[in-house]
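Position chain S relative to chain W; hints supplied.
Chain by chain, the residues:
Number of protein chains: 2
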Amino acid sequence: MRRFKILFAFVAVACFYGFAQQALWSGAALKSPELRADRSAVFRLYAPEADSVSVSCDFLFEFVNSNRPQYTEKMEKDSTGVWTYTTPPMLVPELYSYSFLVDGVKTLDPSNVFVNRDVATLSNYFIVKGGRGDLYSVNDVPHGTVSRVWYYSKSLNMNRRMTVYTPAGYENGDSVYPVLYLLHGMGGDEEAWISLGRTAQILDNLIAQGKAEPMIVVMPNGNVSQEAAPGETPGRIDQPVFNLPKTMDGGMERSFLDIVEFVERTYRVDKSKSGRAIAGLSMGGFHSLHISKLYPDMFGYVGLFSAAIFPSDAPNGDTASDVYADMEGRLKVQFANPPELYWIGIGKDDFLYKANTEYRGMLDRIGAKYTYYETGEGHIWRNWRIYLSEFASLLFR
Amino acid sequence: MRRFKILFAFVAVACFYGFAQQALWSGAALKSPELRADRSAVFRLYAPEADSVSVSCDFLFEFVNSNRPQYTEKMEKDSTGVWTYTTPPMLVPELYSYSFLVDGVKTLDPSNVFVNRDVATLSNYFIVKGGRGDLYSVNDVPHGTVSRVWYYSKSLNMNRRMTVYTPAGYENGDSVYPVLYLLHGMGGDEEAWISLGRTAQILDNLIAQGKAEPMIVVMPNGNVSQEAAPGETPGRIDQPVFNLPKTMDGGMERSFLDIVEFVERTYRVDKSKSGRAIAGLSMGGFHSLHISKLYPDMFGYVGLFSAAIFPSDAPNGDTASDVYADMEGRLKVQFANPPELYWIGIGKDDFLYKANTEYRGMLDRIGAKYTYYETGEGHIWRNWRIYLSEFASLLFR
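If you read the protein sequences in the order shown, they are chains W and S. Counting from 1, position 122 in the first sequence corresponds to residue 122 in UniProt numbering; the numbering is continuous, with no gaps. Counting from 1, position 16 in the second sequence corresponds to residue 16 in UniProt numbering; the numbering is continuous, with no gaps.
So here's chain W without its partners, still in its complex pose (with noise of 0.2 Å):
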């Protein structure tokens, strides 16, 4: 049997190679990211031919003064052909991205499994522990489920593809709850939120500290031409584009009853006004808008974070659609029985800043009452995870 044992042991190396060959060429595994005590990280790779590598990223430092989204800091060689960056001490906490350069062909750190996917870019990623840091973690608290459901969407005749986060205990017990539809913005899906989001992290976290509710979050795909993220999608399997058509034609919007009606048949909600919100990110900021004002009393909680506002706003705007006529009466309509929150967080630095500005000169207007929440920064998932997560806690208390 001994001879079993000895080939398992070689078949396991083998099995491993792409981990055991980096391992064989730079005389030890390297270990990238290496987060250190004072809370500076070290990204390494083996590349004894390249000319150049350098790390692209998003970091941000207690005592750097920063104002770079994404920027790019050299890796230096040393002797046996590793490259290796140290970032200043202070990360704050937080999830960042990063990937490296080498000779300018873009490579993920074959040091780090965890990966995300934005649109059609994917990048490592690593959390510095501690603030924000240790909400978006896994933590050793009861866990939500989360599943990949199809439901038929009978307006677009279309089998389409969402993600629903249940929290912990909604198997074993029967009580109803409340739900947070949730959006997602161009060029991204139904993987969005869950995965760049830290969704059930948040969540999870969030209720297990008592400063939400525990809720039922739906992640629906809100591109009405396709039914599913890419890969999932029947008979294709496209790369994922950033700018599919009919995005923000009405479609959504008239179709998001087929939504709501699967999700309120499948699962034990409160279907109640002040059982739903509605919230979203750019499109999806847009889309929860416009839904909550087509269905004025469908929504008790509204988030727009760092939304697009105006059909104009959008490369794929139809500013004819009927969906977005008279925006203006169509919101004293549903600000006439207000929500109990109506909700805006944007950055300052985002694009569609100005045209926030002028959508709360509107609701001052005709005197509808909202949360205003502004951060630093612009349109990017560090602004959403925390609007999300200050949204959340204000939710069907």
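No lab work stands behind these hints, which were simulated from the structure alone. Any given hint could turn out to be false.
What the hints assert, rightly or not - Within a straight-line C-alpha distance of at most 27 Å, the following computed BS3-like cross-link-like pairs (lysine-lysine) qualify:
(1) K129/W - K348/W
(2) K246/S - K31/W
(3) K154/W - K129/W
(4) K246/W - K31/S
(5) K154/W - K348/W
(6) K211/W - K369/W
Said to hold, decoys possible - Chain W residues, not near chain S, derived (Cβ > 12 Å throughout):
(7) K31
(8) M90
(9) R117
(10) S175
(11) L206
(12) D258
(13) D297
(14) P338
(15) L341
(16) I366
(17) K369
(18) Y372
(19) E390
(20) S393
(21) R397
Said to hold, decoys possible - Pulled a few chain S residues facing chain W out of the computed Cβ check, cut under 7 Å:
(22) A47
(23) T107
(24) V113
(25) D134
(26) V138
(27) H143
(28) E171
(29) T266
Every residue gets a Cβ at the ideal spot worked out from N, C-alpha and C, and that includes glycine.
Just chain S, lined up with the frame of chain W:
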């Protein structure tokens, strides 16, 4: 409003930087892989500074005799800095994996976002349609739900994560379903079968074709030292490793009842022996063998896929564990009231082939009936997808 439109388009490109960058470099977005009508595939990478680029792959061809589960092919550079490799025609319909080596650095294809993780190695994948390729594809058929669910294991005093497939119709009916418990190999976790194994696609397609009964598939984590897959484990973001402790020491077998108890309490399932199946690959086959023998009245169907057999077959095997004691005697007990199907699948080149031959001898000696399914190749996911497809179609009928 026009200014916002222009700004939005600009930021759209900026957000899309990784992708747009490649397009700018190479003059046009590269298509890679490009699948051609003759079933060849073209791989492209823009890397003008590189001295050598190759593709590491696992391709099979109808008319090329290759016995190479993993091999590399050199790519050629053109005057624009784009490296290209074109395969021979007539790729066998299959799911294939590949990555690039750029001057020795393993690099994912920046034109292909579809990536699988095998232990600590990320690879791109694509599917050649037809035959098994269709079975592994998302098709326009009813889709089951895939959930990541946490349960409490009393034996291990740990909250643990599993992946659960419920067939189409589960949410909106009241039928009970049989359950297949499907176990991963060493270095794997609760993500392995659903990603590399294409479990959801295989089951969706077999069920839609009437070739498999609607069933629930439960994919637990078989490493009793960990709560969940890397990145999903509370408090830790360790990179995956192959050789975790306590994987074959009897702990998985002993704690398995916690999984069955949770599933039978949480889902609408057939709780009889003829409604339960267990199968696994490599270490998971080992677990299936010993679990079904430890609880001889529990499983009506048992599948061993390239299974490790004896504790001494494994680096972590605990030959002293009483779970593995008196193997032949306990098999006699199990086969006194035999499962409806005891299925053994293995490839001719598998390093565990001899152990499986020896084991079949043991089964023959005690008069135990089993079904034997032999394929080419060895200890690879291609075989495990085949075994799942074959085994699932024999269950619960």
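For the hint on V138/S, just tell me whether its beta-carbon gets within less than 7 Å of chain W.
-> Hint holds; V138/S Cβ to chain W Cβ min 5 Å, cut 7 Å.
M90/W remote from chain S - nearest C-beta pair above 12 Å | holds, 20 Å
Chain S versus L341/W - minimum CB to CB distance exceeding 12 Å, so not interface = With a cut-off of 12 Å, L341/W remains clear of chain S, as the shortest Cβ separation is near 26 Å.
Taking the closest pair, is the beta carbon of L206/W still more than 12 Å from chain S?
-> L206/W is indeed farther than 12 Å from all Cβ atoms of chain S, at 16 Å.
Reported absence of I366/W from the contact zone with chain S (all CB gaps over 12 Å) | holds, 19 Å
With 12 Å as the threshold, tell me whether S393/W passes as away from chain S on beta-carbon distances.
-> Consistent with the label, S393/W stays out of reach of chain S, its closest Cβ about 21 Å off (over 12 Å).
Would you mind confirming whether the straight-line C-alpha gap from K154/W to K129/W stays at or under 27 Å?
-> violated, 45 Å
Determine whether the non-interface label on R397/W survives the test: each CB of chain S must be over 12 Å from its CB.
-> holds, 25 Å
Chain W contact restraint for E171/S - C-beta distance below 7 Å = holds, 5 Å
Restraint outcome when D134/S is required to lie within 7 Å of chain W by C-beta distance | violated, 10 Å
Beyond 12 Å from chain S, beta-carbon-wise, is S175/W?
-> With a cut-off of 12 Å, S175/W remains clear of chain S, as the shortest Cβ separation is near 15 Å.
Given the hinted pair K246/S and K31/W, is their alpha-carbon gap at most 27 Å?
-> holds, 24 Å
When held up to the earlier numbered hints, the structure conflicts with 3, 5, 7, 9, 25 and fits the remainder.
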